[in-house]
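Enquirer: Between the sequences and the hints, there should be enough to build the whole structure, so can you do that?
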Amino acid sequence: MEIKVTVKQLGKKHPVLSEQKIEIAYEDITITLENLLKLIVRQQVEAFNAQLFELEDQDYTKIPVENYLNILTDTGKLGFGSIYNEKKANIQKAQENAILAFEDGMFAVFYNDEQLENLTQTIDLSLQHTFAFIRLTFLAGSYW
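Numbering (the working numbering), first residue to last: 246 to 389.
Hints are computed from structural coordinates only; laboratory data are not their basis.
A few of these clues could be false.
For lysine to any residue, the following SDA-like pairs were computed, each having C-alpha atoms within a straight-line distance of at most 20 Å [stated by the list, open to error]:
no.: 1; residue 1: K283; residue 2: I267
no.: 2; residue 1: K266; residue 2: A292
no.: 3; residue 1: K283; residue 2: E331
no.: 4; residue 1: K283; residue 2: D349
no.: 5; residue 1: K266; residue 2: F376
no.: 6; residue 1: K333; residue 2: D349
no.: 7; residue 1: K332; residue 2: E348
Okay, the calculated beta carbon distance ranges per label pair [as the list claims (entries may be wrong)]:
no.: 8; residue 1: L372; residue 2: N335; range: 17 to 27 Å
no.: 9; residue 1: F293; residue 2: E264; range: 12 to 22 Å
no.: 10; residue 1: A270; residue 2: T382; range: 29 to 39 Å
no.: 11; residue 1: Q366; residue 2: M246; range: 33 to 43 Å
no.: 12; residue 1: K332; residue 2: E359; range: 20 to 30 Å
no.: 13; residue 1: A346; residue 2: E291; range: 15 to 25 Å
no.: 14; residue 1: K332; residue 2: D369; range: 19 to 29 Å
no.: 15; residue 1: K332; residue 2: H374; range: 15 to 25 Å
no.: 16; residue 1: Q296; residue 2: I274; range: 12 to 22 Å
no.: 17; residue 1: D358; residue 2: K338; range: 30 to 40 Å
no.: 18; residue 1: A295; residue 2: D358; range: 26 to 36 Å
no.: 19; residue 1: K332; residue 2: D358; range: 30 to 40 Å
no.: 20; residue 1: T367; residue 2: K333; range: 25 to 35 Å
Ideal placement from N, C-alpha and C gives every residue a C-beta, glycine not left out.
Expert: Dropping the structure here:
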């Protein structure tokens, strides 16, 4: 099944980081939030693990082409495609981390502008609305 996902970050000049369609291995029209998170994490980890690692004899600076840096800074994420860690991600560990992060309030999930607050909450996928994942940032400071 194909779902639409938008990732956002509050407090940024350009809050939408990406909007994409994700293919998950699920065929029913209803799903719990916990199962949805696990399926999305599984898809993302499998995509990451499928990437080829470039082993280079020398570490050299990769210079971006003109205007590439502006595009990267507008999206809020800079990277030049090099992956230095050759370890494959563990799907089960990543799923556990995602569930724990949701329970701890590290990110919020919205479906058609309605916040999903409970992992056992049932979602109707036949409506084909966009999921929005918003990373929450905690304020740091003191009263001194």
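Enquirer: Hints first: check each against the structure and report whether it holds.
Expert: These are the hints, each one checked on the structure:
For a cut-off of 20 Å, the pair hint linking K283 to I267 stands: about 13 Å separates their Cα positions. For the suggested pair K266 and A292, the alpha carbons sit about 13 Å apart, so the restraint of at most 20 Å is met. The hinted pair formed by K283 and E331 fails the criterion: a straight-line CA distance of about 23 Å is larger than 20 Å. Distance check on the hinted pair: K283 and D349 sit about 16 Å apart at the alpha-carbon level, within 20 Å; holds.
For the given pair, K266 sits about 10 Å from F376 by alpha-carbon distance, which is consistent with the 20 Å threshold. A hinted pair counts as satisfied when its Cα atoms are at most 20 Å apart, and K333 with D349 does not qualify at roughly 26 Å. Our distance criterion of 20 Å between C-alpha atoms is broken by K332 and E348, whose separation comes to about 27 Å. A C-beta distance of roughly 33 Å is found between L372 and N335, which places it outside the suggested range of 17 to 27 Å.
Look at F293 against E264: about 19 Å separates their beta carbons, and that is inside 12 to 22 Å. One distance hint, 29 to 39 Å for the beta-carbon pair A270 and T382, holds here, with the actual separation near 32 Å. For Q366 paired with M246, a C-beta distance near 18 Å fails the hint of 33 to 43 Å. Taken as a hint, the range 20 to 30 Å is violated for the pair K332 and E359, whose Cβ atoms sit roughly 37 Å apart.
Hint check: A346 to E291, Cβ distance near 19 Å, so the stated range 15 to 25 Å holds. Range check, K332 to D369: about 38 Å between beta-carbon atoms, so the 19 to 29 Å window is missed. Separation of K332 from H374 is about 36 Å and departs from the stated range, judged on CB atoms against 15 to 25 Å. Range check, Q296 to I274: about 32 Å between beta-carbon atoms, so the 12 to 22 Å window is missed.
At roughly 32 Å, the beta carbons of D358 and K338 sit within the given window of 30 to 40 Å. For the pair A295 and D358, the supplied restraint of 26 to 36 Å holds, since their beta-carbon distance comes to about 33 Å. A beta carbon spacing of about 38 Å between K332 and D358 agrees with the range 30 to 40 Å that was offered as a hint. At roughly 33 Å, the beta-carbon separation of T367 and K333 lies within the given 25 to 35 Å, and the hint holds.
Checked against the numbered hints listed earlier, the structure breaks hints 3, 6, 7, 8, 11, 12, 14, 15, 16; every other hint is satisfied.
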